[in-house]
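Enquirer: Residue numbers (the numbering used here), protein chains in the order written: chain U, 9 to 591; chain D, 9 to 591.
Be aware that a few hints might be false.
It does not matter which identical chain is used: a pair holds within one copy or between any two.
Distance condition first, Cα-Cα at most 30 Å in a straight line; then the derived DSS-like pairs of lysine-lysine [as the list claims (entries may be wrong)]: (1) LYS157 with LYS365; (2) LYS588 with LYS190; (3) LYS44 with LYS15; (4) LYS557 with LYS582; (5) LYS548 with LYS190; (6) LYS548 with LYS95; (7) LYS20 with LYS581; (8) LYS588 with LYS186; (9) LYS557 with LYS581; (10) LYS128 with LYS15; (11) LYS588 with LYS177; (12) LYS577 with LYS47; (13) LYS588 with LYS226; (14) LYS177 with LYS548; (15) LYS581 with LYS177; (16) LYS588 with LYS384; (17) LYS365 with LYS52; (18) LYS52 with LYS157; (19) LYS548 with LYS157; (20) LYS557 with LYS157; (21) LYS157 with LYS55; (22) LYS157 with LYS20.
It should be emphasised that the hints constitute simulated quantities derived from the structure, not laboratory data.
2 protein chains.
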Amino acid sequence: MSNKPYKGFEPKWLLTPAPAGSYRSIFRWGDPEFFKYPKESLYKMMKETFQMTDEDFRDYTDDIGFDQVALPNHPSRIAPEHLEALKRIVGEEFVTTGDYERLSVAYGCTGYDLLRLRHKQIDSLPDVVVYPDTTEQVEELVLYASQHKLPLYVYGGGSSVTRGVEPTKGGISLDMRKRFNKILSFNEVDQTITVQAGLSGPMLEEALQDAPHRFGAKRQYTCGHFPQSFEYSSVGGWVVTRGAGQNSTYYGTIADIVLSQKYATPIGRIVTPHYPREATGPDLNQIMMGSEGTFGVLTEVTLKVFRWQPENRKRFSYMFRDWETAMAAAREMMQCECGYSSVFRLSDPEETHLMLKLYNVDETPLAPLLDKLGYKDMERCMFLGFTDGEKGFSQNVARNIHRIARRFGAMPMTGYVTRSWEKGRFNDPYLRDTLMDFSVITDTLECSVNWSNMAQVHRDVRAVCHALPNTIVTTHMSHCYPQGANLYFIFITRMNDAAEFKRYHTTILDAIQRSGAAISHHHGIGKMFAPWLEGYIGEKEYGVFRALKDYFDPDYTMNPGGTIGLDLKPEEKKRLNERKDYR
Amino acid sequence: MSNKPYKGFEPKWLLTPAPAGSYRSIFRWGDPEFFKYPKESLYKMMKETFQMTDEDFRDYTDDIGFDQVALPNHPSRIAPEHLEALKRIVGEEFVTTGDYERLSVAYGCTGYDLLRLRHKQIDSLPDVVVYPDTTEQVEELVLYASQHKLPLYVYGGGSSVTRGVEPTKGGISLDMRKRFNKILSFNEVDQTITVQAGLSGPMLEEALQDAPHRFGAKRQYTCGHFPQSFEYSSVGGWVVTRGAGQNSTYYGTIADIVLSQKYATPIGRIVTPHYPREATGPDLNQIMMGSEGTFGVLTEVTLKVFRWQPENRKRFSYMFRDWETAMAAAREMMQCECGYSSVFRLSDPEETHLMLKLYNVDETPLAPLLDKLGYKDMERCMFLGFTDGEKGFSQNVARNIHRIARRFGAMPMTGYVTRSWEKGRFNDPYLRDTLMDFSVITDTLECSVNWSNMAQVHRDVRAVCHALPNTIVTTHMSHCYPQGANLYFIFITRMNDAAEFKRYHTTILDAIQRSGAAISHHHGIGKMFAPWLEGYIGEKEYGVFRALKDYFDPDYTMNPGGTIGLDLKPEEKKRLNERKDYR
Numbered sequence: 009m010s011n012k013p014y015k016g017f018e019p020k021w022l023l024t025p026a027p028a029g030s031y032r033s034i035f036r037w038g039d040p041e042f043f044k045y046p047k048e049s050l051y052k053m054m055k056e057t058f059q060m061t062d063e064d065f066r067d068y069t070d071d072i073g074f075d076q077v078a079l080p081n082h083p084s085r086i087a088p089e090h091l092e093a094l095k096r097i098v099g100e101e102f103v104t105t106g107d108y109e110r111l112s113v114a115y116g117c118t119g120y121d122l123l124r125l126r127h128k129q130i131d132s133l134p135d136v137v138v139y140p141d142t143t144e145q146v147e148e149l150v151l152y153a154s155q156h157k158l159p160l161y162v163y164g165g166g167s168s169v170t171r172g173v174e175p176t177k178g179g180i181s182l183d184m185r186k187r188f189n190k191i192l193s194f195n196e197v198d199q200t201i202t203v204q205a206g207l208s209g210p211m212l213e214e215a216l217q218d219a220p221h222r223f224g225a226k227r228q229y230t231c232g233h234f235p236q237s238f239e240y241s242s243v244g245g246w247v248v249t250r251g252a253g254q255n256s257t258y259y260g261t262i263a264d265i266v267l268s269q270k271y272a273t274p275i276g277r278i279v280t281p282h283y284p285r286e287a288t289g290p291d292l293n294q295i296m297m298g299s300e301g302t303f304g305v306l307t308e309v310t311l312k313v314f315r316w317q318p319e320n321r322k323r324f325s326y327m328f329r330d331w332e333t334a335m336a337a338a339r340e341m342m343q344c345e346c347g348y349s350s351v352f353r354l355s356d357p358e359e360t361h362l363m364l365k366l367y368n369v370d371e372t373p374l375a376p377l378l379d380k381l382g383y384k385d386m387e388r389c390m391f392l393g394f395t396d397g398e399k400g401f402s403q404n405v406a407r408n409i410h411r412i413a414r415r416f417g418a419m420p421m422t423g424y425v426t427r428s429w430e431k432g433r434f435n436d437p438y439l440r441d442t443l444m445d446f447s448v449i450t451d452t453l454e455c456s457v458n459w460s461n462m463a464q465v466h467r468d469v470r471a472v473c474h475a476l477p478n479t480i481v482t483t484h485m486s487h488c489y490p491q492g493a494n495l496y497f498i499f500i501t502r503m504n505d506a507a508e509f510k511r512y513h514t515t516i517l518d519a520i521q522r523s524g525a526a527i528s529h530h531h532g533i534g535k536m537f538a539p540w541l542e543g544y545i546g547e548k549e550y551g552v553f554r555a556l557k558d559y560f561d562p563d564y565t566m567n568p569g570g571t572i573g574l575d576l577k578p579e580e581k582k583r584l585n586e587r588k589d590y591r
Numbered sequence: 009m010s011n012k013p014y015k016g017f018e019p020k021w022l023l024t025p026a027p028a029g030s031y032r033s034i035f036r037w038g039d040p041e042f043f044k045y046p047k048e049s050l051y052k053m054m055k056e057t058f059q060m061t062d063e064d065f066r067d068y069t070d071d072i073g074f075d076q077v078a079l080p081n082h083p084s085r086i087a088p089e090h091l092e093a094l095k096r097i098v099g100e101e102f103v104t105t106g107d108y109e110r111l112s113v114a115y116g117c118t119g120y121d122l123l124r125l126r127h128k129q130i131d132s133l134p135d136v137v138v139y140p141d142t143t144e145q146v147e148e149l150v151l152y153a154s155q156h157k158l159p160l161y162v163y164g165g166g167s168s169v170t171r172g173v174e175p176t177k178g179g180i181s182l183d184m185r186k187r188f189n190k191i192l193s194f195n196e197v198d199q200t201i202t203v204q205a206g207l208s209g210p211m212l213e214e215a216l217q218d219a220p221h222r223f224g225a226k227r228q229y230t231c232g233h234f235p236q237s238f239e240y241s242s243v244g245g246w247v248v249t250r251g252a253g254q255n256s257t258y259y260g261t262i263a264d265i266v267l268s269q270k271y272a273t274p275i276g277r278i279v280t281p282h283y284p285r286e287a288t289g290p291d292l293n294q295i296m297m298g299s300e301g302t303f304g305v306l307t308e309v310t311l312k313v314f315r316w317q318p319e320n321r322k323r324f325s326y327m328f329r330d331w332e333t334a335m336a337a338a339r340e341m342m343q344c345e346c347g348y349s350s351v352f353r354l355s356d357p358e359e360t361h362l363m364l365k366l367y368n369v370d371e372t373p374l375a376p377l378l379d380k381l382g383y384k385d386m387e388r389c390m391f392l393g394f395t396d397g398e399k400g401f402s403q404n405v406a407r408n409i410h411r412i413a414r415r416f417g418a419m420p421m422t423g424y425v426t427r428s429w430e431k432g433r434f435n436d437p438y439l440r441d442t443l444m445d446f447s448v449i450t451d452t453l454e455c456s457v458n459w460s461n462m463a464q465v466h467r468d469v470r471a472v473c474h475a476l477p478n479t480i481v482t483t484h485m486s487h488c489y490p491q492g493a494n495l496y497f498i499f500i501t502r503m504n505d506a507a508e509f510k511r512y513h514t515t516i517l518d519a520i521q522r523s524g525a526a527i528s529h530h531h532g533i534g535k536m537f538a539p540w541l542e543g544y545i546g547e548k549e550y551g552v553f554r555a556l557k558d559y560f561d562p563d564y565t566m567n568p569g570g571t572i573g574l575d576l577k578p579e580e581k582k583r584l585n586e587r588k589d590y591r
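Chain U on its own, in the form it takes in the complex (with noise of 0.2 Å):
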């Protein structure tokens, strides 16, 4: 995690930038002048976990894809009365056909399209990828794709982690970052911003904290919704997923933060109510949330926008003794109506030992002292957070959190920590790729739960991943609610086949299918988890969204291939678990 040199041995760390048009180009994270590997510890750790030894980090396990793509073997199916009719739609130079363009919105960023990239496996690719700039161009590519039955796809900020984008049958796929990403309006009486969904959330977020010179605000704003995907996330992502940022317990998931959506459909233009409340039928905006592209493509979202006031941030972390107490203490924290904090992390035993290793807290004095005052390893727990909002609220949060804490027999940490998380909280995907380079694969899944479920779903998946031969499975909560929270697992292994660490992943979301947990709280279904979707939801529940499917897209043109399991076969489907009544 530093440019410090490690005592004695370097492994062959990749720091040279991919060559652009390569593969590498595509399946590694973001900035290509960045690179980020472990610190000592943690390759100590993954070298005694995973019975590595130096020698395994001599080279790299594979060919790293620094080759120019090129896909001799799959040539676009598109026949040339569609690629005109598209060209007149957004212009000729806007619609492409290259093996490049192609292959780069393919794949998203799950471990298994990681790998397939790294493989050059070649599942999925789109006869031809379009370039929209404006909505009418995309209502009029919906409704062509539509007519024809070409199966239309989106690529947004192509980090979805559940196989969302993938073109699995080919066709047409809107890459949106070139040009739908423009800011339509800013209104800051109602603090909302209107923009097309391709935006990203740096630039969004730029032009918010910028919006005195932008827009000629009054005021500096923030969007806040930061996922840890941010810098490479759309705003359109984030609405079809409903998506939550790392700051959502105080500003909401995606799904709170939403006024208003725009989608091309099939069927036409949809536009949902703008009001923050109303008593008209069902709830629009929450029915087109979380439909991934299979009732239209979202073009224009409204934002709620907040106050950016970074001056009332309050840091804060504690150590608790252990996962049961520091639960109790999480939900009081919730529950008792001091307002909510920003971010709110809670960590379990397993990711507590590991980040005092990454955050060199292992080395201070600070250690011997956690052994002596009872806070024992791989039984302590890690809180880390900071509040936003108002001055005084801000205070009040804090404070709270700080009379809870302590009343639940928390060691107050140093901001340090807190510090140390935030530095990381974007750049954690390059360090995934560094690591992949030898084979070891990180990857995360996540649910959501009710604080009661708690203990016996961290139990259940836990167990489940501890029998899965070289795993380190972290977990933490870092969306909390007054009734749950989401419980986020990282696992990290030894592995490098795709169809291997397909199955692997498949058993830890049985066994969070099993444990009663809902299957995603931010992260969605996609084609990945779409399996695991009825049998969650309930069959007539279920039924629901296909009536919604069969509403707006009957030829079932829109994201085809299984996404949200709108087309999937009965045996292609898990039913794991059967629905019980809450109580």
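Add chain D to chain U, keeping to what the hints say.
Expert: What follows is chain D alone, placed relative to chain U:
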């Protein structure tokens, strides 16, 4: 509003409880022993505004409904085999075709309903009233009704102001008040309660405040949902209409408070998820809420509950110079991120004028002081409320409200004003009954707006109201958000004819629809506002509701006769406003 005798002439206010079995016992609000009549100042104002004299109050305009209900011309048409089947499901003694029982579930509480009941105008009656006990019974009843194409209606609290409960097609009405009102479970860890949908507001709140005794809980709780109709409203009614209580600015509307729902639909049981947030496709909770009985019958609801901490409550009231300044201050309070107050109610100049009379403020030294300081009658605006939540949170909200009110030039008023409002908050419907005996009718309409269109909606709707003869129209906002608020119009007029009143009411609804506001913030749509719904939502967007209806209730037996417009003919619909892009 008091029992203080009038100076001189004493109008013939009715102070005798309505006899059991009488018409009046049906159309009159609430507790038979409780009466409310106008204070002399309001009485005087009514006479002036409506060109009435004491003579008009010497005797009732009409029959006051003390006679026994008897409907010889409206026999039940239910077939004997259906009657037998219903009795087999719920038990012999819980099925009735009695005239009184049928009429008592035939109407809600909108002005049009009360005028029709006073004039014994029987437009709608169920053929049979059934009193279910369990979820399984309701499920059997729904299946039976659906299989035999019998219209099925539900009567919860009966306080619908949208003709939501009216059995316009006859058939079966489920009267939930008698038995379908049980608490099923309480979960203190998750802070939730699960109840049958017929439970009344006061029964729920009493149980929660008594949680230590009732459930062995560690604390007292509150439901946080207090609509004006609280005392005669049901949890199910709150949920299916998307209601909001007077404390919604802090606690949220019912759409925020519901965690999970169970419905008996013609296609079977539907259970919605019970996690605080998830990313598993469209939000089933928000799809079922707002269906108003047209997808099926709501049987069970799990609500979030809140800690009961009245000791932390801070009351406040302020007088602003004018509506524009007051709106700007309210917006700042909602956007500054200091936390939200629980009751947050801002009256426009006409309502402020009336309130000062009602609360006797115009007889105190405060009245000349206000004038002297330039807070002019018919310009000044009253703002009042109170905070809830943890002590520091509550204090911080009150402190910021004070700071902002002062910054916008408001004068602090006494806690007396807030307490006066609190005294009357649930019992204004009693006053309404008293006035109707003399042909003075009060009713309300409400809508949802963004801050940026609030001034225009307020101006447009009031202009239309004031063009109507003999109309007092007062307006407030009482459910506020960073992006907007509701506008609530109370109108008082002299009128006694149901058809005339319906035309009058329609004129105002037309004005709301033309203004571009959402046509309901929390009353719902029912059968009364249904003609406007598709025009407001948009044709393709409204098609979503029909797709859902077709899925759940393909034979249209659930709350038929226009509810949320699903079985209206095209010519019965109004389209008064083209949907514009929100910017």
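Enquirer: Next, verify each hint and record whether it holds.
Expert: Okay, the hints, checked on the actual structure:
1. LYS157 with LYS365: Neither. Shortest intra-copy (54 Å) and inter-copy (68 Å) distances fail the 30 Å Cα cut-off.
2. LYS588 with LYS190: For LYS588 and LYS190, the Cα distance is within 30 Å only across copies (20 Å; inside one copy 45 Å).
3. LYS44 with LYS15: within (18 Å within a copy, 86 Å between copies)
4. LYS557 with LYS582: both (21 Å within a copy, 28 Å between copies)
5. LYS548 with LYS190: Between. Shortest inter-copy distance 26 Å satisfies the 30 Å Cα cut-off; intra-copy 40 Å does not.
6. LYS548 with LYS95: Result: close only across copies, 28 Å inter versus 42 Å intra.
7. LYS20 with LYS581: Neither, since 43 Å and 72 Å both go past 30 Å.
8. LYS588 with LYS186: This pair counts as between: shortest inter-copy Cα distance 28 Å, intra-copy 47 Å.
9. LYS557 with LYS581: Both: 18 Å inside a chain and 26 Å across chains, each within 30 Å.
10. LYS128 with LYS15: Intra 35 Å, inter 94 Å, cutoff 30 Å: neither.
11. LYS588 with LYS177: neither (36 Å within a copy, 36 Å between copies)
12. LYS577 with LYS47: Neither. Shortest intra-copy (46 Å) and inter-copy (70 Å) distances fail the 30 Å Cα cut-off.
13. LYS588 with LYS226: between (51 Å within a copy, 26 Å between copies)
14. LYS177 with LYS548: both (28 Å within a copy, 28 Å between copies)
15. LYS581 with LYS177: So LYS581 and LYS177 pass the 30 Å test inside one copy only (19 Å; across, 42 Å).
16. LYS588 with LYS384: Classified as neither; 37 Å inside a copy, 61 Å across copies.
17. LYS365 with LYS52: Result: close within a single copy only, 10 Å intra versus 79 Å inter.
18. LYS52 with LYS157: neither (54 Å within a copy, 71 Å between copies)
19. LYS548 with LYS157: both (28 Å within a copy, 21 Å between copies)
20. LYS557 with LYS157: both (15 Å within a copy, 27 Å between copies)
21. LYS157 with LYS55: So LYS157 and LYS55 fail the 30 Å test inside a copy (51 Å) and across (70 Å) alike.
22. LYS157 with LYS20: Intra 49 Å, inter 74 Å, cutoff 30 Å: neither.
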